[in-house]
Structures are given as C-alpha cells and as structure tokens.
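Peer 1: Okay, here's what each chain looks like letter by letter:
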Amino acid sequence: MQTKLLSEHYDKPEFQKIDGYKKHGGYVVLAKALKMDPKAIIEEVKASGLRGRGGAGFPTGTKWSFLPANGEPRYLLCNADEGEPGTFKDRLMMERAPHQLIEGMIISAFAVGSKKSYIYLRGEYDESRRVIEGALKEAYAAGLLGKNILGSGFDHDMDLYMGAGAYICGEETGMISSLEGLKGQPKLKPPFPAVQGYLRKPTIVNNVETLAAVKYIIRDGAAAYRKYGTEKSPGTKLFSVSGNVMKPGNYEVPLGITLKDLIFNVCGGLKPGRKLKAVIPGGSSAPVLNADESMRATMDYEGLAQLGSMLGSGAVIVIDDSNSMVDLLDVIMHFYHHESCGQCTPCREGTGWLSKIVHDIRHGKADVRDIDLVKKVSEQMMGKTICALSDAAAMPAISFVTKFRDEFEQHLKNHAGSRESGETLHA
Amino acid sequence: MFKLSPECDAFIKKESTRYETVHSAIIPALFRVQQELGWVPPEAVSHISGLLKVPDSHVNEVLYFYTMFNKEPVGKLHVQVCTNVSCAMNGARELHESLCKHFNVENGQISKDGKVTVSKVECLGSCGTAPMMQVNDNYYENLTTESAIRKLKELGA
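Each protein sequence line maps, in turn, to chains A and B. Heads up: the first sequence begins at 1 in the numbering used here, then just goes up one per residue. Heads up: the second sequence begins at 1001 in the numbering used here, then just goes up one per residue.
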C-alpha cells in the first residue's frame, strides 16, 4: 500500500548528511538536470502533472511557465511554513532528508532561471532549522551551491529565513510580505508572484514536498512518475494522519487511495470499540466528511472535490465517536480567529463572530437560531477577501453545522442555560 | 540606558546586509534579542531600529504581528502546549490544565519562582504525536501529565 519515493530513506540516519545522501544517489539527478535545457525540465514537470502539495493543488509546471521570458532577476521561495492544523509532513522531510529538498530546489531554480532562493521555515521548527542549516553548509562546501555549480556555469545561492509564528505566512503572498520584513499580510492577486512577487520581482513559491518531488520526476521521467496516482492526480503524496487512529504518522501512498484503506489498512484502524464519526481530509480548513462520505472518498484532488471537500495539504484528521463535533468546531474557529491577519473586514470580523457564536453554542449560551447564524456568517465570508483564510474558516464551519446539525441541536438541548464543566479548558 | 551584549549588536548589524532589504533583518534581530533576554522589552525596539536605521514603527509592526515574540517576560522554561484539533482530541487541554495546576499558574503566567510559564498555543505541526509541548526551542511528544512533569523537572523546573 505504501509507495515510498520521497520517504524511501527516512529511516536511515545517514541520509541526513551529505555523504549518506550521496551513497543513495544524492545529487546525481542535479548533475543530470544541469546538462538539460531548462525548458525541457519545465516541460517534464508539466508532463508529470505534478500539483502543488502545500494545499492549493495548482499544477507546478504551469505555475513555472507564468514567469516572464526575459532575463529579469527572479526568486524561488520554498514554502516550509507548514501551519495547516493536522499537517506535519514537511517537518519530517526536512529533519530526515534535507538534501532531498535542497537538490529539488537547485533543479527547480535552474529550470526557472533563478540565482537566489530562500527556504521560508516556520519559526517553531527549530530542529528543522538546525538540520537545514547544516545541510546548506555541506552543500556549499561540496560546490553544489554558489558559483558555477558542478562546472555547469549555473550560479545559485540559497538561504534560510525563519518565520515567527503566523499561519498566514503559509499563504504565498503573505510569505513574501514576511520575507520582505513586513507584517505577513497577503497581497491582492493579480499580479501573481510569478510576475511580481518578492521585492516585486518574478517569484515562484512552491511547497517543500512539491520541490522534492521535482527531483524524482527528473530522475525517473514524467511517464514513470505518472505510474503512481490517477490520471488527473498523478504521483505519490505524503499524508499526515492524526486524531483517533491506532498508528498516526506520515505515510506516502499513491494519490487515489481510498480513505478507507488509508485509515483501516495503512494506519491500523480505530481504537477498539470505537466507531468512525467524521474525517477532516485535508487540514482543518477542508470541509469535514461524515462517516458515510469518508468510506466512499478517494484521496485525490478530484475525488475529494466531488464530495465538496479538498485534499489540501494531505492532513487527515480522523474523528471517532468519542468526540463532540461542537467542541471540535469551537477549537477550529478559535484558531482561525487567532490567525486572521486583520486586513480584510469579512475575515477579521467574521472569524471573531464565528468563534464567539460557536463558543456560546458549546457552552449552552445560544439557541437553535445561532446554528443558522454560523452558516449565514460563513456564507458572507466566502470569496470576499484578499486571501483564502476567510474561506478556510467558513468551509469547516458550514460543513460542521450542516452535516452534524442534529448533534448541534442535541448539544443545545443538553446544555440549555447551563455552563459546561469543561468551560475553563478552552477560555 | 538599554544595552545588549556586543555579540548581539554585531549579529544584528551583520543580518542587516544579509538579505536584499534591510527590513528582512527585523525578524532575526527580534529573535536574537529574545534569545538574550527571554523576551522583547519595549526599549529593544528603538535599539534595533537604531542599528538597522529603520523607523521604530516598522520594528513594532513586526514585533506585534508574530506570536513567537514574547512581549512580556516568561519563565526560564517557556512551556507551550498545543491545543489545536488533533492535540485537543488526545487530551492536550487536560494536559495544559494539569501543568497550570502543578506549577500553580494561570495560562501565560510566570510561576512564583520564575522558572516556568505555561502557555496554550496553536498547531505546532506535531499532530501525529499528540499531546505535545514545546519547551523553549525543543519539542516533547506523546506526553502524559506524568511524563511532561518528569521532563520539566529534568529541565530544571
């Protein structure tokens, strides 16, 4: 079931260091790529059908081809600001296989003609920082970064930049603002970063997993990569599975695997005596699936879109019948309120109201009309803001109160006029 | 007068030319100050803006935007318990409450001996190993209340 392409050598401690990495074929693909025509690399990535692994699922090769053709300076940014609740796949890759990311980045930079790249790493990932800093030093010492890489005439510098705790910096234009030394507030698109990004120069922003996958596409060719996954969602994907499963963790599987297989075969199923209640299939912004939908879901971009949800970052949060959906929505709404950057009114105000209303429902200080109000407020937040954070809060809210309406009503009946004993837990 | 160590000042000056724009040095400068003092006191803002030659307001807007900068002092061990969804499902809120009780503090408060601050935080990307806590720079995962307290004692709490 598991198909280890990116995660093949995660269990080997030596893979973290350049010598160990080279023992397993490290930087051989870079040497091959540097002899290719950069345009051919872009075409290969296009042909592979690789889609962005950070959340939006945009075709990577197409994103690259939006760059202007002239020789203007351009930047490559690696989005390592992994912050979508439930996601922990990039952290593991950076800690176990830092050179795989660096190699994928140099190949990608060569393809798009960038002489400078940054890895924008979330501030809390200190272990990743230590490992990446070490790996960058090793790569420079080995002549894999800097001037005239492997005698190819291609120059490239790579640096690491630490975020400081803001979910919004995982949004590509928010990340660019942050790297520019500003508040991490997203910018209106267009212009898209490929045209005007970091310092208003053409900029490509790709996720850690996406850039690492580029290495394997160039190593094996697009056709070989397409052997994994489905026609429209090719390749393997790293899924971070958490919540109520026996074996939570990161698993690399071909896209298109059924959610049922992922939970019950790969992750060892639920705890004894527990029943599946719901699954959040793509990080906390993805609309929740009920048990019935979960059993029908395939884990690819189209399969989840068909069910009105999304693959997102590949963070699968499995929820069994011991949980209260009201409680979990309260936790999720608190998060989005905390993380709204405050720039757009529908998001700044909407996330605050959603958090307050759901919190009141949870504590029995609301009535049944407030369940409708959650939906109404959410609908007014969709598609009205500079970035997708507002939608990211609205989508779980709508799906929770729609699909678990009975539970929300029952909760209000059970807690009418009362203050739940657990109130102090989540002030 | 407010002063930082010469190493700290030297670091900030060096960062000011590392990136394409001097503003990019603000986040690293704030981190460095926090590393030295445990938090970022208001006086540090004009100190940094002086070194980088940017207005105070630019340093302030960065300081107040990002949650990792402590705007108030914290204990020697800053214990941050993630209480986001996967952690909440695995007892993180109870863990946070137990730790507060054990060290006799409210959320975000410093213990009387100055050793510990317990804070509730959002997702730290450790969802498969919940519940977890970050103590200063390091993660401790798959915790129980007992194992968390034991670890904190080892760390000097």
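Think of the hints as simulated: they come from the structure by calculation, not from any bench. C-beta atoms are modelled at their ideal positions from N, C-alpha and C, and glycine is treated no differently. A few of these clues could be false.
What the hints assert, rightly or not - Lysine to aspartate or glutamate pairs mimicking EDC-like chemistry, simulated, CA-CA at most 16 Å apart:
| # | chain 1 | residue 1 | chain 2 | residue 2 |
| --- | --- | --- | --- | --- |
| 1 | A | Lys116 | B | Glu1020 |
| 2 | A | Lys403 | A | Asp372 |
| 3 | A | Lys356 | A | Asp327 |
| 4 | A | Lys115 | B | Glu1061 |
| 5 | B | Lys1115 | B | Glu1094 |
| 6 | B | Lys1115 | B | Asp1056 |
| 7 | A | Lys275 | A | Asp320 |
| 8 | A | Lys376 | A | Asp391 |
| 9 | A | Lys247 | A | Asp320 |
| 10 | A | Lys365 | A | Glu409 |
| 11 | A | Lys4 | A | Asp220 |
| 12 | A | Lys201 | B | Glu1020 |
| 13 | A | Lys115 | A | Glu72 |
| 14 | A | Lys183 | B | Glu1061 |
| 15 | A | Lys201 | A | Asp220 |
| 16 | B | Lys1071 | B | Asp1113 |
| 17 | A | Lys183 | B | Glu1141 |
| 18 | B | Lys1014 | A | Asp159 |
| 19 | A | Lys247 | B | Asp1056 |
Unchecked claim - Quick list of the computed label-pair ranges, beta carbon to beta carbon:
| # | chain 1 | residue 1 | chain 2 | residue 2 | range |
| --- | --- | --- | --- | --- | --- |
| 20 | B | Met1001 | A | Gly143 | 45 to 51 Å |
| 21 | B | Lys1071 | A | Glu302 | 43 to 49 Å |
| 22 | A | Asp220 | B | Lys1071 | 45 to 51 Å |
| 23 | A | Asp360 | B | Lys1071 | 26 to 32 Å |
Unchecked claim - To give an idea of the interface, some chain B residues facing chain A are shown, with a C-beta separation under 8 Å as derived from the structure:
| # | residue |
| --- | --- |
| 24 | Met1001 |
| 25 | Gln1134 |
| 26 | Thr1145 |
Peer 1: For the hint 26 to 32 Å, verify it against the beta carbon of Asp360/A and that of Lys1071/B.
Peer 2: With Cβ atoms ~29 Å apart, the hint holds.
Peer 1: Given the proposed pairing of Lys1014/B with Asp159/A, does the C-alpha separation stay at or below 16 Å?
Peer 2: Answer holds: Lys1014/B to Asp159/A is near 15 Å, not above 16 Å.
Peer 1: Are Asp220/A and Lys1071/B spaced within 45 to 51 Å by their CB atoms?
Peer 2: Hint holds: Cβ distance 50 Å, inside 45 to 51 Å.
Peer 1: Taking only the CA atoms, is the gap from Lys356/A to Asp327/A under or equal to 16 Å?
Peer 2: Status holds; Cα separation ~13 Å.
Peer 1: For the pair Lys1071/B and Glu302/A, does the Cβ-Cβ distance stay inside 43 to 49 Å?
Peer 2: The hint (43 to 49 Å, Cβ to Cβ) holds, given that Lys1071/B and Glu302/A are roughly 46 Å apart.
Peer 1: With the threshold set at 16 Å, check whether the alpha-carbon distance from Lys115/A to Glu1061/B stays at or below it.
Peer 2: Violated, because 30 Å separates the two Cα atoms, which is more than 16 Å.
Peer 1: With the threshold set at 16 Å, check whether the alpha-carbon distance from Lys376/A to Asp391/A stays at or below it.
Peer 2: Cα-Cα ~13 Å, so holds.
Peer 1: If you draw a straight line from the CA of Lys201/A to the CA of Asp220/A, is it 16 Å or shorter?
Peer 2: violated, 32 Å
Peer 1: Hinted pair, alpha-carbon criterion (16 Å max): Lys183/A, Glu1061/B. Please report holds or violated.
Peer 2: holds, 6 Å
Peer 1: Does Asp1056/B lie within 16 Å of Lys247/A when you go C-alpha to C-alpha?
Peer 2: violated, 49 Å
Peer 1: For the pair we were handed, Lys403/A and Asp372/A, check the Cα-Cα distance against 16 Å.
Peer 2: The hint holds at about 13 Å.
Peer 1: Need the status of pair Lys1115/B, Glu1094/B: alpha-carbon distance at most 16 Å?
Peer 2: violated, 21 Å
Checked against the numbered hints given earlier, the structure breaks hints 4, 5, 6, 15, 16, 17, 19, 24 and 26 and satisfies all the rest.
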